[in-house]
Amino acid sequence: MGCSVLTQVRIVKITALLICLFALCPICLAQAPERSLLLVAGEQSEAGTFSHAELRKVFLGIPVTRSGVRIKPLLNLTDPLAMNVFLQQVVFMSEREYKRQLLSRVFRLGDQRPPEYDDIDELTGALRETSGSLTFMWAEQFKTRSGLVSLGVLWASSTD
Amino acid sequence: MNDQLRRLLVATTFAATIYSPAGYADFESDLLLFPFVEANHLSGLSADSIRDSNDNDYGLNIFGAAENGNFVFLGEALIAKDEQELERLQVGMRFGDGKVWLGRFHNPIGYWNTQFHHGAYLQNSASRPAIVEYEDDDGVLPMHLTGLLIEGIKENNGHGLGYAFAIALGPELSDSLEPLDVLEPTSGSQGLALALNLFRQPDVYGPTQFGLFANYTEIPAEDRGYDEIRQTIAGGYGNWESDPWRVIGSAFYVRNRLDRGDVTDSEEFVFAYLQVERRLDDRWTIVGRAETGSGDDNDAYLALFSDYVEDRILGAVRLNVWERHALTLEISNVHAREDRYRELTLQWAAVF
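From first to last, the protein sequence lines stand for chains A and B.
Residue numbering for the first sequence follows our numbering, beginning at 1 and increasing consecutively.
Residue numbering for the second sequence follows our numbering, beginning at 1 and increasing consecutively.
Please keep in mind that the hints were generated in silico from the structure rather than gathered at the bench.
Check before you lean on any hint, since a few could be wrong.
List of simulated lysine to aspartate or glutamate pairs, EDC-like, C-alpha gap at most 16 Å [as the list claims (entries may be wrong)]:
1) A:K99 to B:D243
2) B:K81 to B:D137
3) A:K99 to B:E323
4) B:K81 to B:D97
5) A:K57 to B:D282
6) A:K57 to B:D243
7) A:K99 to B:D282
8) A:K57 to B:D82
9) B:K154 to A:E54
Covered stretches of chain B (in silico footprint by chain A; criterion: 3 or more residues with CB under 8 Å from a CB of chain A, positions within the stretch not fixed) [as the list claims (entries may be wrong)]:
10) 82 to 95
11) 168 to 179
Computed from a predicted structure; not experimentally measured.
Where a beta carbon is used, it is the ideal one built from N, C-alpha and C, also for glycine.
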């Protein structure tokens with residue numbers, strides 16, 4: 001039994017629609033800029049790469065040493081979204097919980113809290129000047145700054 | 001030593017210790033201020049009660065930590081209405097994932113004493129459980145030791161195995177338990193103290209942890225008619241957190257051997273508390289706590305502490321007014337020695 005004319009028309013329409021969608025898809029992807037959150041250090045850094053577990057340890061204020069240099073985390077507060085993504089992807093805590101944990105560690109154990117920066121120029125300056133320092137920042141922030149090196153991508157996604 | 005001179009000495013010693021290595025290149029430091037103001041109203045007191053129906057307290061806990069390479073310095077000074085004391089003064093060194101400390105530190109028994117102590121802002125209730133009350137407030141266990149402390153955490157497949165071991169000098173018993181005074185180290189007499197705390201963190205460096213602890217202290221008590229009191233403590237604890245819930249609990253077994261000449265009395269009691277907290281949103285948290293003991297009714301050791309609380313049930317509401325400021329309203333039903341009363345506490349605490 002052959003298909004009815006109506007069914008054949010519907011199949012053609014659906015096929016055409018799918019072809020259009022596939023054809024347009026790369027255009028849509030190209031239009032949505034990819035955002036990447038990078039792990040960044042000063043260009044003199046010899047820290048190498050970090051696993052997420054190591055980074056979590058560093059940003060919880062627990063001493064980590066690389067090539068004989070103590071790693072010093074700097075908190076980038078210049079963009080709340082960057083901070084939130086960092087907390088979700090690396091620390092696995094809310095900002096409230098994270099700050100409580102830092103305070104508690106300082107009070108109990110005498111560890112140091114990561115310094116906070118809400119000015120990107122000051123943050124960049126600290127990265128260049130402080131041996132072993134690292135932070136996180138958006139790829140577009142990184143590209144406009146000199147004297148920095150990316151140690152890896154912490155998170156990447158397409159957004160609209 | 002008069003209060004003014006003592007305040008000056010506390011502040012000067014504290015500052016000198018924390019900032020003495022400030023000239024070195026790798027020097028880093030952190031300073032935290034924990035101010036608090038508290039008002040208490042007690043109702044239902046017995047006619048011959050030794051307690052005041054209205055009371056207040058205020059003070060500033062100054063905390064500083066500094067490090068230079070592997071060397072670590074830590075100091076905590078309390079300047080309050082009725083007390084000026086160097087609570088902690090520690091010099092230490094890092095090794096691997098641990099630290100070895102010398103100085104005066106918080107006795108690592110259980111969870112509460114090392115986690116919150118005088119940082120009132122850090123805890124969600126206004127009061128501490130009676131079993132871990134400060135020595136100055138008629139606490140019955142040593143909360144401060146002076147000597148050697150080794151502590152750290154070992155990572156193991158994402159879990160944490162923590163330890164703290166202390167060999168130190170404990171308190172003597174006069175009007176209350178008196179830990180060694182760093183400003184007047186020869187003013188009292190102290191005996192041996194040993195403490196051990198072993199704990200496990202399901203998620204290493206995460207807030208949830210469960211542990212066991214033990215403590216042995218030789219407490220000179222000539223002022224109270226005893227040659228010495230030998231105190232042995234063992235117990236377990238847990239702090240479980242899964243936002244918005246938090247549960248803190250601990251159980252203590254305490255055995256005291258009181259020596260007077262040829263006569264020796266042995267007394268023992270157990271005590272436990274359970275605190276449940278629920279965060280309602282970023283500003284409001286509600287708290288409930290129950291604490292009770294057994295075998296403490298005619299305990300000769302506890303009879304030396306007139307303010308000892310045997311049972312308490314409390315409810316509290318904490319409001320984070322602004323960032324780093326908290327208001328706590330706490331209502332409790334208290335059964336103390338020879339007294340039963342209700343207590344209403346309003347506390348403001350902050351951290352800067």
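* Starting from K57 (chain A), check that the Cα of D243 (chain B) is at most 16 Å away, please. => violated (21 Å)
* To do: Mind checking the alpha carbons of K57 (chain A) and D82 (chain B) for me, to see if they're no more than 16 Å apart?
  => violated (40 Å)
* Given coverage of the region 82 to 95 of chain B by chain A, checked by CB-CB distance under 8 Å (3 or more) -> With 3 residues closer than 8 Å to chain A, the region 82 to 95 of chain B meets the three-residue bar; holds.
* With a cut-off of 16 Å on the C-alpha distance, tell me whether K99 (chain A) and D243 (chain B) pass. => Distance ~15 Å between K99 (chain A) and D243 (chain B) Cα, so the pair holds.
* Asked: How about the region 168 to 179 of chain B: do at least three of its residues have a C-beta closer than 8 Å to a C-beta of chain A?
  -> violated (count 0)
* For the pair supplied as a hint, K99 (chain A) and D282 (chain B), is the alpha-carbon distance within the 16 Å limit? -> At roughly 13 Å apart (the allowed maximum being 16 Å), D282 (chain B) and K99 (chain A) satisfy the hint.
* Asked: For the pair supplied as a hint, K99 (chain A) and E323 (chain B), is the alpha-carbon distance within the 16 Å limit?
  -> holds (11 Å)
* Within 16 Å, alpha carbon to alpha carbon, are K81 (chain B) and D137 (chain B)? -> holds (13 Å)
* Compare the distance between the alpha carbons of K81 (chain B) and D97 (chain B) with 16 Å, and conclude whether the hinted pair is satisfied. => violated (39 Å)
* To do: Quickly compare the C-alpha distance for K57 (chain A) and D282 (chain B) to 16 Å and report which way the hint goes.
  => With Cα atoms ~25 Å apart, K57 (chain A) and D282 (chain B) exceed 16 Å; violated.
* Given the hint that K154 (chain B) pairs with E54 (chain A), test it: the Cα-Cα distance must not exceed 16 Å. => holds (14 Å)
Of the numbered hints listed earlier, those contradicted by the structure are 4, 5, 6, 8, 11.
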